[in-house]
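Numbered by the working numbering, the letters in the first sequence go through residues 7 to 602 in order.
I should point out that these hints are in silico values taken from the structure, not numbers from a laboratory. Be aware that one or more of the hints could be misleading.
Straight-line Cα separation of at most 20 Å, EDC-like style, residue types lysine to aspartate or glutamate; simulated pairs [claimed, not checked]: (1) K81 <-> E95; (2) K74 <-> E95; (3) K212 <-> E226; (4) K462 <-> D538; (5) K306 <-> E296; (6) K41 <-> D550.
What follows is a list of derived Cβ distance ranges for each label pair [unchecked claim]: (7) D507 <-> Q265: 54 to 62 Å; (8) D364 <-> E44: 41 to 49 Å; (9) N309 <-> E30: 54 to 62 Å; (10) P468 <-> K513: 45 to 53 Å; (11) K513 <-> T406: 54 to 62 Å; (12) Q223 <-> N309: 26 to 34 Å; (13) S471 <-> K504: 35 to 43 Å; (14) K109 <-> D432: 30 to 38 Å; (15) S117 <-> A560: 38 to 46 Å; (16) S32 <-> S471: 38 to 46 Å; (17) E436 <-> E42: 49 to 57 Å; (18) I499 <-> S33: 49 to 57 Å; (19) D432 <-> K504: 26 to 34 Å; (20) D368 <-> E436: 49 to 57 Å.
Ideal placement from N, C-alpha and C gives every residue a C-beta, glycine not left out.
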Amino acid sequence: MTIQEQILQDISAAFSALFDHQVEPSSISLQPTRKEFEGTYTFVMFPFLKVTKSNPEQSGTLVGQYLKDNSAAVKDFNVVKGFLNLVVEENLWVDVFQKLYSKENVAQLPSNGQKVMVEYSSPNTNKPLHLGHLRNNFLGFSISEILAANGYEVIKANLVNDRGIHICKSMVAYKHLANGETPESAGLKGDHLAGKYYVAFDREYKRQVGELKESGQSEEMAKSMAPWMMEAQEMLRKWEAGDKDTVDLWNQMNQWVYQGFNDTYKRMGVLFDKFYYESDTYLLGKDIVEEGLEKNIFYKKENGSVWVDLSEEGLDEKLVLRGDGTSVYITQDMGTADLKYKDFILDKSVYVVGNEQDYHFDVLFKIMRKLGRPYGDGLYHLSYGMVDLPTGKMKSREGTVVDADDLMQEMIDTAEGHTKELGKIDGFSEEQAKELYEILGMGALKYFLLKVDPKKRMLFNPQESIEFQGNTGPFIQYSHARISAILRKADQIGVDYKTADFSQLEKIEPSEQDLIIVLNDFEKKIRQAGEDLAPSIIAQYMFDLAKEYNRFYAELPIFNEGDALVQSFRVALSDQVAKTLKAGMKLLGVRVPDRM
RNA sequence: GGUCCCGUAGCUCAACUGGAUAGAGCAACUGCCUUCUAAGCAGUAGGUUUCAGGUUCGAGUCCUGACGGGAUCACCA
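Construct the complete structure from the given sequences, taking the supplied hints into account.
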């Protein structure tokens, strides 16, 4: 039982003893006491004034006195207005610490026997990844780690959009302009090569549309009869018909793109357990349309198109199959949902997709529930906000995108610059130094993108956004490196901290107690991050912990401390903070260095 | 136009899901390296939480309306 649970139980007992009133311990809660008041936990009396039949101060005093007399956890109390502040017995914090410190793995909750799929990344294969994809990938990877820490078995999936008109556009431009260019001959990553031709297509297409409009065509006509657009449409038809030349070129270009993506994913540090390809799944879902018709959940219009009426659920009517019998986006999404379930028998399924598709997923999930899918209630859309630039929204065609590869390299270069400026690479080999820059640069970038509530849109200012001081990845990494230095020294001079018994400690300092309280919150934060699908909760916690540790570090001596038990306690406390920082940052996909 | 998100210090973000005098970082200013890493610590300054009502012991948080920003509403993906 935790201290909080203990106190809640005692409060419940207080209510029955003092007021003859039953309060379920699980129905009440404590909140941390604000810094300006004395105490650790605060119990709010206001909701219970009807029961206590007296004013807030008197009620609080009665309950406080009862707890002081009868609760093993409560040492003292004070009442400010209706707030009952409780001071916890100091030595209990040492027990709490001992328990935490003895844990094998600080960030792993027991298995809950459930399986969850996290689908993220899901790129188009016609252009390289950009800043928006970075947020997606970091979120997807991090939430996978967090769910695994919460006891789920996690399958990380990537649904690659490898077919469709946009890929054909790159292919058309390539055919016309490339002269057999390859990534090697062009000196470009494969995904950047494909992107180059996608941009080239757009430029030529716009020129053609302009020309047609000048010759008197309407905008709409010009757009659909531009030669390259017609060619792209034709190429899509050929691809679907399995035309060999088309499929060969498609394969060739996709292979190049995948090689490029692999490099990018590697540097990002993200992984996948399962790849789905739309070229395999785009025809799925038609059987579900049939099923929906049979169950009278869908209906057919005169022209043969199939619809679902979601007006009872507060949405509109929605098309699920075209009049000519071909699929729309949601048709294959229905099919893929079934496929995922069939492949893994999932309890939950998380889709990491930007919030511009909120409506789409609302519709998809409601349909699957209407169809009575067993996994229907386990579907979640982790809907994240766009990343804006100071100039506004990123637009690939206007060249205002921040390229993922460029940005990552820039971060690493900046990390190198900072590190050298601070003269912190004495004793590092060339290899180690490079590794460090990678850890720091990527840490700064990931932390920056993950510390913000995923639901909210966020601003990225290339000039100013990525700092190395304050609430940043490197700040937390630095705290870890400092502790590592302490542990190295402790081991070297033979401080016994791993197995020492701290129950004989006379007293602990306020900053030690505060640190234990924060350490003790880790499990709660892991739970909350898992429930809310929000890595930002972990990021925020990492900052709080590092901040608290740095205060402790500045206030209290370790190796100059005369009392051997106090000294080893402080080393152990540092050790536990390091473990927690390392484990927490791992949940964000960020590595921490031992020296920096 | 309908629907859905968002609006907190100059800037970027928090606020334990309705609790006390709204907190951090950056930028500005003041201290602290002869002690374990100053990418740090301590402090000063910065707010009518867009505005107007309402609900209640209590509202940044819930409700209504206005203003401002964004997304979405294709037989596109």
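Quick rundown of the hints versus the structure:
1. Distance restraint check for K81 and E95: the Cα-Cα separation of roughly 5 Å lies within the 20 Å cut-off, and the hinted pair is therefore satisfied.
2. Restraint check for K74 and E95: satisfied, since their Cα atoms lie roughly 10 Å apart, inside the 20 Å limit.
3. Among the hinted pairs, K212 with E226 is consistent with the structure: their alpha-carbon atoms are about 13 Å apart, no more than 20 Å.
4. Pair hint K462 plus D538 holds up; C-alpha atoms about 13 Å apart against a cutoff of 20 Å.
5. At most 20 Å may separate the alpha-carbon atoms for a hinted pair to count; K306 and E296 meet this at roughly 10 Å.
6. Proximity of K41 to D550 is assessed by CA-CA distance (about 14 Å); at most 20 Å being required, the pair is judged to hold.
7. The supplied range of 54 to 62 Å is met by D507 and Q265, whose beta-carbon atoms lie about 56 Å from each other.
8. Evaluation of the 41 to 49 Å hint for D364 and E44 yields a pass: the beta carbon distance comes to about 46 Å.
9. Taken as a hint, the range 54 to 62 Å holds for the pair N309 and E30, whose Cβ atoms sit roughly 59 Å apart.
10. Our hint of 45 to 53 Å for P468 and K513 holds, since their Cβ atoms are close to 50 Å apart.
11. Range check, K513 to T406: about 59 Å between beta-carbon atoms, so the 54 to 62 Å window is met.
12. At roughly 28 Å, the beta-carbon separation of Q223 and N309 lies within the given 26 to 34 Å, and the hint holds.
13. In this structure, S471 and K504 meet the distance hint of 35 to 43 Å, their C-beta atoms being roughly 41 Å apart.
14. Between K109 and D432 the beta carbon distance is about 36 Å. The supplied range of 30 to 38 Å therefore holds.
15. In this structure, S117 and A560 meet the distance hint of 38 to 46 Å, their C-beta atoms being roughly 40 Å apart.
16. At about 43 Å, the CB distance of S32 to S471 agrees with the hint of 38 to 46 Å.
17. For E436 paired with E42, a C-beta distance near 51 Å keeps the hint of 49 to 57 Å intact.
18. In this structure the supplied range 49 to 57 Å holds for I499 paired with S33, their Cβ-Cβ distance being about 52 Å.
19. Distance hint check for D432 and K504: the Cβ-Cβ separation is about 29 Å, which falls inside the suggested range of 26 to 34 Å.
20. In this structure, D368 and E436 meet the distance hint of 49 to 57 Å, their C-beta atoms being roughly 53 Å apart.
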